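Visitor: Residue numbers (the working numbering), protein chains in the order written: chain B, 1 to 165; chain P, 1 to 175; chain L, 1 to 661.
Since the hints were made in silico from the structure, they are not lab data. Any given hint might turn out to be false.
List time: in silico BS3-like cross-link candidates among lysine-lysine, alpha-carbon distance up to 27 Å [said to hold, decoys possible]: (1) B:K98 <-> L:K414; (2) L:K521 <-> L:K486; (3) B:K121 <-> B:K56; (4) B:K98 <-> L:K521; (5) L:K414 <-> B:K14; (6) B:K98 <-> L:K607; (7) L:K477 <-> B:K14; (8) P:K101 <-> P:K149; (9) P:K165 <-> P:K149; (10) L:K567 <-> L:K517; (11) P:K166 <-> P:K86; (12) P:K89 <-> P:K149; (13) L:K517 <-> B:K100; (14) L:K521 <-> L:K477; (15) L:K560 <-> B:K14; (16) P:K86 <-> P:K101; (17) B:K100 <-> L:K530; (18) P:K165 <-> P:K52; (19) B:K100 <-> L:K521; (20) P:K89 <-> P:K165; (21) B:K100 <-> L:K607; (22) P:K149 <-> P:K175; (23) B:K121 <-> B:K98.
All values derive from a computational prediction rather than experimental measurement.
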Amino acid sequence: MAAPKKSKGLKTRKRQRLVIVSAALIAIVGAIILITFALGGDSLNLYLQPSAVMEKQVPAGKRFRLGGLVATGSFHRDTDGLTYLFTVTDCAVDIPVKFKGLLPDLFREGQGVVTEGRLNKQGVFVAETVLAKHDENYTPPGTAPKNAEACSHPEALSALKKGGR
Amino acid sequence: MQRFLPLIVVAALAALFLSMLLRDRNPHEIKSVMMGKESPAFTLPALLEADKQVTDDVLRTGHPVLVNFFASWCVPCRAEHANLMKLAKEHHIPIIGINYKDDPAKARAYLAELGDPYVTIAADLHGRTGIDWGVTGVPETFIVDGNGKIRDRLWGPVVVDSIEKKILPEIEAIK
Amino acid sequence: MAPEIGHFALVMALMLALLGASVPHIGIHLGNRRLMALADRVAVGLFLMVAISFGCLMYSFVTSDFSVLLVAANSHTAKPMLYKISGVWGNHEGSLMLWILILTVFAAAVSLAGRKLPLHFRARVLSVQCLLAVGFLLFILLTSNPFLRLNPAPAEGNGLNPLLQDPGLAFHPPMLYLGYVGLSVSFSFAVAALIDGEVTPLWARWVRPWTLMAWIFLTGGIALGSWWSYYELGWGGWWFWDPVENASFMPWLAAAALLHSAIVVEKRDALKSWTILLAIVAFSFSLLGTFLVRSGVLTSVHAFAVDPARGIFILIFLAIAIGSSLTLYAWRAPKLVPGGLFGMVSRESALVLNNILLSCFAAVVLVGTLYPLVMEAFNAGQISVGAPFFNYGATVLMSPLIVALGIGPLLAWKRGRLSRAAQIMLPALGVALVAALAVLWHSSGQLIMTAVGLALAAWLIASVFLEVAERTQLFKKPGRFWARAKAIPRASWGMSLAHAGLAVIVLGITISTAWTKEELKLVSPGDTVKVGAYDFRFNGVAPVAGPNYTAVRAFFDVTKNGKKIAKLAPEDRVYAHPMMETTEAAIRPLLTGDLYAVIGQAAGGGKWSVRLYFKPFISGLWTGALMMMLGGLLSLSDRRRRIGAPTGSKAKKPSTKLKEA
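Taking the hints into account, I'd like the entire structure generated from these sequences.
Guide: Right, dumping it as structure tokens:
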């Protein structure tokens with residue numbers, strides 16, 4: 001709030017400006033404290049592909065986003081009929097994923113997927129949400145494996161090709 | 001000073017966005033713009049003849065060609081190889097090979113084992129040309145007309161279906 | 001033929017826009033009224049040209065002319081007519097066409113409805129609008145031409161993303177764009193005022209209806225989008241803090257702040273420089289949203305396909321538009337004469353507080369949206385900022401806002417008396433406390449946030465009621481209520497309605513978050529699932545064939561204590577072009593809440609996985625948004641706020657310069 005200094009009633013105007021500016025400052029500082037506080041907690045989710053999960057040795061119970069391909073042939077339903085088990089891979093490392101709920105429309109073996117959840121003690125990623133992200137051309141962005149050329153899953157790679165359409 | 005604050009914030013944001021736009025993010029998203037465009041230029045060492053170079057001039061001979069990105073480490077490439085051989089031997093379609101991020105020795109062994117369908121092969125050791133062409137992975141095949149324009153693009157291995165429905169009709173159309 | 005006409009009209013529009021962006025300034029410089037008046041003709045001509053062009057594009061879509069690349073890529077003959085039309089803006093090129101169409105509609109509207117604006121000022125405003133049009137037209141013509149031909153033409157098109165084939169989404173983008181682009185008028189007014197070096201109460205009076213209109217459309221657009229995700233995405237969520245949602249929310253916050261600060265300028269001639277800044281910032285947020293959606297720097301559910309060249313172009317445009325206006329601001333703002341003083345406790349102070357909180361909230365949303373980008377830019381890995389961050393920010397910043405909202409309207413201008421306001425508001429405080437205590441008692445101290453939310457909503461509703469009662473002297477002279485109610489200006493009824501709308505939204509969020517009942521079950525035909533007080537009986541599934549999809553439809557009978565309440569039939573659709581599945585939730589709004597059913601995958605043996613909800617009072621969200629919009633409309637219809645100024649006022653008239661001595 002810029003107001004020039006050349007004016008009568010200088011004192012009062014200055015005081016008024018001081019009050020407004022300090023109120024704004026308090027609000028902004030409050031917001032910053034809030035941001036640092038909240039960002040330190042659970043609301044900041046790392047986005048990782050399976051190899052990075054291995055590399056970083058992400059501890060069990062830490063919330064993060066896992067992205068990659070659903071390995072072909074890995075998908076099956078648990079006995080309760082509501083829990084799904086599948087493997088998310090980036091063609092180098094496989095991570096087993098467990099999800100209870102309704103799968104999104106775009107979920108398919110060989111397609112990209114982004115899931116959010118935590119690893120349990122057994123190393124299984126327990127997903128709370130499975131995100132079906134897609135752009136205008138219906139491909140989930142950010143799921144193309146970075147090291148596709150090292151792919152040991154030919155079926156997953158060709159599936160990625162299909163997914164690229 | 002405070003009146004410049006918004007300007008400073010905006011300048012910082014603009015710099016951030018620019019840096020994000022200029023970096024190589026998700027190369028597969030470039031694909032939509034490749035079709036019908038001039039093929040990206042390249043100058044690469046030849047895989048088989050030492051000290052020789054392959055440039056994009058091979059795409060401007062007046063005859064339509066296929067440009068095939070492949071690698072010895074890539075399993076689907078192995079799968080499509082028989083089809084490439086068929087295209088070269090039976091249909092006499094020139095195929096330019098681009099050996100993508102591969103060890104030249106392994107690539108030569110691969111060709112010795114399976115046969116060589118290519119008229120010439122360039123070694124894209126660091127994958128730079130692959131990025132220029134917007135390749136998302138190998139194999140990937142482009143149909144280029146005799147003047148260096150990309151006509152079509154095939155993701156994944158070349159299969160019989162794509163030979164009959166795409167490659168042959170499109171090459172015929174260019175001729 | 002149509003595409004060529006459309007393309008030609010677009011080029012003509014660019015020529016006109018260039019003319020309109022330059023000549024009026026020369027006219028003002030020379031004092032030539034005829035050159036100034038040219039701006040009016042250009043504005044109307046520009047609109048006509050763009051309308052012709054847009055019409056041609058729409059014609060190509062409606063007639064399924066697949067020789068046009070854009071139509072082939074985004075349409076299909078088997079698509080219902082509504083989606084052939086909405087397909088026009090369901091893609092990057094077409095949505096830009098819609099954007100420019102709306103921009104020129106507003107330019108023409110300013111020209112036609114703003115006849116009472118002084119000529120030179122109107123000319124300046126219109127020329128700024130033309131300058132914006134030049135940028136967008138260049139963007140379309142150089143990087144995103146919608147009229148490109150395809151040779152040979154394919155026999156059939158690609159189809160439109162089925163998720164977008166929905167009545168809610170057909171009208172969501174136009175609404176939102178009307179809001180986004182509507183803010184361009186406030187922007188142009190601000191830039192024109194900066195060039196003139198003068199902001200008067202009259203200026204605020206001109207700019208307010210336009211801002212109000214944009215804000216109404218933004219509210220509607222955001223509400224529609226939220227409603228769409230509620231029933232289409234199939235898990236009952238209605239807001240995800242997705243970057244693109246944030247991109248529409250930030251301009252909304254800025255516009256809301258601008259609406260309130262413009263009142264201070266209008267009534268008290270204060271906060272001028274801040275108001276100008278807000279007008280620039282609000283439209284900058286709109287542009288930022290466009291950039292984020294189209295450049296691909298952020299990935300999102302709604303993002304369009306990406307082309308780096310487009311990203312660079314729009315970034316340059318953004319930098320020029322925002323950069324130059326802020327430079328102008330930095331240069332000219334100190335010249336603005338500061339206005340009236342006001343006490344610590346006054347209506348002005350309440351509005352300043354409102355502005356600080358709304359702007360801070362916008363800043364928090366901005367930080368949360370861009371933080372992942374900053375981290376990526378510094379190679380710190382890919383992260384996402386989750387909903388808790390934003391929810392926390394919203395709670396902390398909006399709670400004091402709502403408290404202040406209750407008291408503000410009762411404070412007098414310049415110097416108010418808190419004791420008087422407090423006296424009137426005492427019952428509202430009581431209501432709020434009772435609501436909070438009731439929740440805490442009922443949940444044995446568990447639902448603290450719910451208690452806070454309900455208390456805030458109760459406080460706001462009660463205080464709106466008390467404020468109206470005070471104005472109408474409902475308690476002192478009940479007999480004269482109608483006479484007094486009629487005497488109250490519509491603008492203040494509008495304010496009360498909009499504030500009450502906010503309370504209803506808070507109520508909807510709080511109640512539906514706290515008491516939603518949810519069941520995820522595997523069911524066979526004949527099974528009954530109890531969700532809260534309701535029994536959902538599953539009667540099996542049947543195949544259905546739609547115009548361009550096939551579906552599995554499930555049937556539920558919902559009863560409560562054995563009494564029939566509703567039949568629900570959720571679907572799982574498979575679209576043919578392109579091949580894709582979508583979930584169609586079945587929703588039945590009741591007085592107390594929504595019954596919501598989704599069908600998932602078949603599990604073999606006639607079993608299906610289903611998800612059933614009872615979402616209490618979730619309709620409050622959309623009711624509240626509707627109340628806000630109606631409040632805005634009511635205020636817009638106020639005679640005193642009619643677009644344009646009182647008759648015969650020239651900006652140079654001394655009476656309009658309420659400068660402090």
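Visitor: Does each hint hold? Answer for all of them.
Guide: Verification of the hints:
no.: 1; hint: B:K98 <-> L:K414; in the structure: violated, 62 Å
no.: 2; hint: L:K521 <-> L:K486; in the structure: violated, 55 Å
no.: 3; hint: B:K121 <-> B:K56; in the structure: holds, 16 Å
no.: 4; hint: B:K98 <-> L:K521; in the structure: holds, 17 Å
no.: 5; hint: L:K414 <-> B:K14; in the structure: holds, 16 Å
no.: 6; hint: B:K98 <-> L:K607; in the structure: holds, 21 Å
no.: 7; hint: L:K477 <-> B:K14; in the structure: violated, 44 Å
no.: 8; hint: P:K101 <-> P:K149; in the structure: holds, 24 Å
no.: 9; hint: P:K165 <-> P:K149; in the structure: holds, 20 Å
no.: 10; hint: L:K567 <-> L:K517; in the structure: holds, 18 Å
no.: 11; hint: P:K166 <-> P:K86; in the structure: holds, 15 Å
no.: 12; hint: P:K89 <-> P:K149; in the structure: holds, 24 Å
no.: 13; hint: L:K517 <-> B:K100; in the structure: holds, 17 Å
no.: 14; hint: L:K521 <-> L:K477; in the structure: violated, 59 Å
no.: 15; hint: L:K560 <-> B:K14; in the structure: violated, 65 Å
no.: 16; hint: P:K86 <-> P:K101; in the structure: holds, 25 Å
no.: 17; hint: B:K100 <-> L:K530; in the structure: holds, 19 Å
no.: 18; hint: P:K165 <-> P:K52; in the structure: violated, 36 Å
no.: 19; hint: B:K100 <-> L:K521; in the structure: holds, 10 Å
no.: 20; hint: P:K89 <-> P:K165; in the structure: holds, 19 Å
no.: 21; hint: B:K100 <-> L:K607; in the structure: holds, 16 Å
no.: 22; hint: P:K149 <-> P:K175; in the structure: holds, 14 Å
no.: 23; hint: B:K121 <-> B:K98; in the structure: holds, 13 Å
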